[in-house]
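Peer 1: Each chain is listed here by its residues.
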Amino acid sequence: MRTERFASLQRKSVLYFIIIGSFAVLGFRLFQMQIVEHESFKEQAANNSIKAIEQTPLRGVFYDRNMNVVVNNVPAYTIRITPAYYDKKLTPVLEAVLGVEPGYINKILYSNREFSKYIPVRIKRGIDFKVVSWLEENSEHLPGVDYIVEMQRGYPAGIRGSHIFGYTKEISPALLEKHKDYYKPGDYIGYSGIEKAYEKYLRGKKGYDYVLVDSKRKEIGKFKDGTEDVPSIKGNDLVLTIDSDVQRAAEEALKGYRGAAVAIEPKTGEILAMASAPDYDLSEFSYVTSREYLQKLYNDPDHPFFNRATMGANPPGSTFKIMEAVAALNSGVITTATTFTCRGGQDFYGRYFKCDAVHGTLNVIHAIEHSCNVFFYNLIYKIGMDRWDEYAGKFGFGHYTHIDIGDESRGFIPTPEYYVKRYGEDWPKSIMASLGIGQGEVSVTPVQLAKYCALIANNGVTYTPHLVRGYLTNNTKKLVPFSYKKIDLGIDTSIFNIVKQGMFLVVNGSGTATNIRSSDIMIAGKTGTAQNPHGKNHAWFIGFAPFNNPKIAVAVFVENVGFGATYAAPIARKMIDAYLEKDKLKQDKILPSQDSNNNVMGAAVAN
Amino acid sequence: MRIDYKLEDKFDLGIVIPVFILFLIGLAAIYSSTLNNPHASGNFEKQIIWGIGSFILFFIIYSIPTNTFKTVAVPTYLFSIVLLVVVLVMGKRISGAKSWLGLEGLGFQPSELAKLGTILMLAAFLSRKQTDIDSFKDIIITLLIGLLPVGLIMLEPDLGTSFVFLGLILAMMFWKGISLFGLFVVLSPALVAISSLFGTYYFVGALIVVFISLVLFKKDIFFSGSIFALNLGAGFFTKYVFKLLSIHQQTRIRSFINPSADPLGAGYNAIQAKVAIGSGGFWGKGFLAGSQTQLQFIPEQWTDFIYCVIGEEFGFIGTIITLALFLYLFKRILNLAATAKDEFLSLTLIGILSVYFIHLLINIGMVVGIMPVIGIPLPFVSYGGSSLVANFLMLGIAVNIYRTRKNYT
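Top line first, the protein sequences correspond to chains A and B. Under the working numbering, read the first sequence as residues 2 to 608, first letter to last. Under the working numbering, read the second sequence as residues -8 to 400, first letter to last.
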């Protein structure tokens, strides 16, 4: 029996079956891998051996309206660590060399722990050249540590522009979650100002260099000799509406104050300057911002990050009187012949309201010139709360200006409904007297006031205030302008001519801002002093020049200093000078048209 | 006896031609995988020289009298056991295992010789007239002959080669005619041992299967009980041995169970191997054009992972042709074994066949991801002098047996 079992046909069949079965399994598995799942493996292989190295495009630069570069890119050194090769024992040495607090490197490495250990992590940007040379000298003792040259923001024009240019920062995890499609950890993104608002134009398009890597992710050459590389596309350059000289003048004049200054070209709504004080040094943000500097900014009681030009809402004071005058004149409630008599104050609804002086009998023009409160107390009762609200709204108060950098306050224009809600049906009508001189609950922002001034200067027509004119195409450098909404109040020029005469006299007559009178530039304006229950009054000034052909409209706000004429008006004068003297636009020395002027003033004198 | 002078009658081209083609495929793959690797430059040339040497050896073995094999069986076995001991004492450690002997600059693996020694020894013992493969005593002797080198190789430790030995012992006992129950007694502890590595549930499950089988065999309670105890012991012993294994072998076995747990560690090769093969597609990426191969994603690809090169650069066509050549070779040897009149020679052929087959099964199974990563070369294809020489030596025996097949009636 046993010998028959040896090498029996049956046993041969069993072995043969095992062999065939095994081959069938292997063959099936090969079929599955090489044919059925081929695509997936192919992709894995491609990802394995071809590494896409992201090429960060150059960010678009900023030109001012005269095509001077105001924000550009400058090379800076960034130190990186590749965790896979890094020896943690080096950390104390590196931290000492970089001058950072202990634990700095570990914190950064820890926050990048979920990425491949072969991807370099940026440790610090903008490192000193001394540190770079140290790295270079000791490179053999510093495994996994290297540096790269990256482009950082530079500000070559000598203007700060903190609140308008804004800064870029490494993208936060929260933002990254929202914009996963484009950004990767470590990417920089505009965080404020124009950098933020125009991020899509400025950032350009990332490029990719494809390189072959071996199993250790070490680069061993270009993929297909670089023919498949996608070059990065530089971001679009922006042409701003800013005039560097006006901006510089505003920034310098505001130094030491808390306040804001905005200048607008009336015909176009282009913002010539926008400054908010105190400001901060943007170049500190180009690099990994030093902790102390940030702390200092955050702890500053004057809130340097706060853009007072668009966010600071305060009572407009007497600058609001122009709006009221326009409302009254345009609705036919008064004419230039209408007068009120100022005896240094007046009683309204059982409350006595003061004026700065005893102005006697005056018409609207001289009331503006002298900023007579009594005249405007009477006027607001004459035009009524609804019309006052309507015209305030027409000029854009209580609404966003929709300035292109966003982040603004609407201000506040009280309505009868507001007072009913606050005080009941019988709300004290004496409140209106305060509103008549721009005090009380009403609040406006400097940019709103600048736009208002532009509307007055250009007879009720302007455009949405904006900081960016357009972008330049990358190859032809042709300007592609952005379009902005036209604002037309539909108020007759003759109405504006009347109030403008008053504003002319404010500076050039015997008005409240004769201190800024200029021999070669005809400036018209209006002062304002907003009462401040917490301290010194806030100073306002709005003005435009040249009188007959306004090229610049300015609003200046200075907190807690006192009279508008004393503090705000000279700043406006400096800005106007900076703009007009340079542009040789001072030809406009002609006085306002003699006839009408004489008539109107004659009437005032006659009364 | 009629003497046939035709070549085919003396020289089995059906065995030699597939092997020659496999060797050429291997050369191409070695060339491709070492082209860009400065550490492996010259491997292609070395393999050619080894190949020529192997062919010469093959013809020598082919020409010698067939009865020589039986004569040298015991000395070869004993000599190889001695070498296995020597290698443990003074061997060179290469990639975690002490399996190499340095001889005048040439690396040599005693376990390659031990395969042949064990085949011949087992064949000699099993073909004795008085051997009863179903007797407990002879089963034990057979296992002792076979497991002695396994034990020594395990100590190196070289897991893959140990499997080869287990396979050849089993195949030869089966061929000799062991009864189903005998096979069960031999095999069940091994299966229980392996299942114990997968975890307690598998271990218990295997024990239940063993228990049911014992009931079905209807042997006496005492005998069945001792077999069950043997199984139980094998399971616990394996767990104990597993702990004794080197760390790299433990992680290799673990990473087979879950390769992606450690993608850059032990599971790395398994993943990259699959990617290489899978990305080859139907036609392959072309000679020297496989990114996985050319960029050296798989370390030492010219040895144990050579099949990945074929899979990536020659595609499904290449892998299937390779498989087909092996299948033809195996079928040919199996037929020869079935027709060989001499029991010793027939058993030797089965031993040789099982060595080739288990090498192929573990090697290709490993690169396609159905076997753990166990370093073991693909016969005739992988780079390496020792295994090439050993494989051609065994091939020489096979063709020698073919040559004189008609002398034994």
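FYI, nobody ran anything at the bench for these hints, they're computed from the structure. A couple of the hints might just be wrong.
[What the hints assert, rightly or not] Incomplete in silico selection of chain B near chain A, CB under 7 Å:
| id | residue |
| --- | --- |
| 1 | His30 |
| 2 | Gly33 |
| 3 | Lys167 |
| 4 | Phe172 |
| 5 | Leu352 |
| 6 | Val359 |
Note that the coordinates shown come from a computational prediction; the quantities given were computed from them, not determined experimentally. Don't be surprised by glycine CBs; every beta carbon is placed ideally from N, CA and C.
Peer 1: Is the hint on Val359(B) kept, meaning its closest Cβ partner in chain A is under 7 Å away?
Peer 2: Status holds, d = 4 Å.
Peer 1: Is the interface hint satisfied for Gly33(B)? The criterion is a beta-carbon contact with chain A at less than 7 Å.
Peer 2: 20 Å, violated
Peer 1: Mind checking the CB of Leu352(B) against every CB in chain A and telling me if the closest is under 7 Å?
Peer 2: 5 Å, holds
Peer 1: Can the hint on Phe172(B) be confirmed by a CB-to-CB distance to chain A that is less than 7 Å?
Peer 2: 13 Å, violated
Peer 1: Should the interface hint for His30(B) be scored as holding, given a Cβ-Cβ cut-off of 7 Å against chain A?
Peer 2: 13 Å, violated
Peer 1: Can you verify the interface hint for Lys167(B): is its Cβ closer than 7 Å to any Cβ in chain A?
Peer 2: 6 Å, holds
Taken one by one, the earlier hints fail for this structure at numbers 1, 2 and 4, listed in ascending order.
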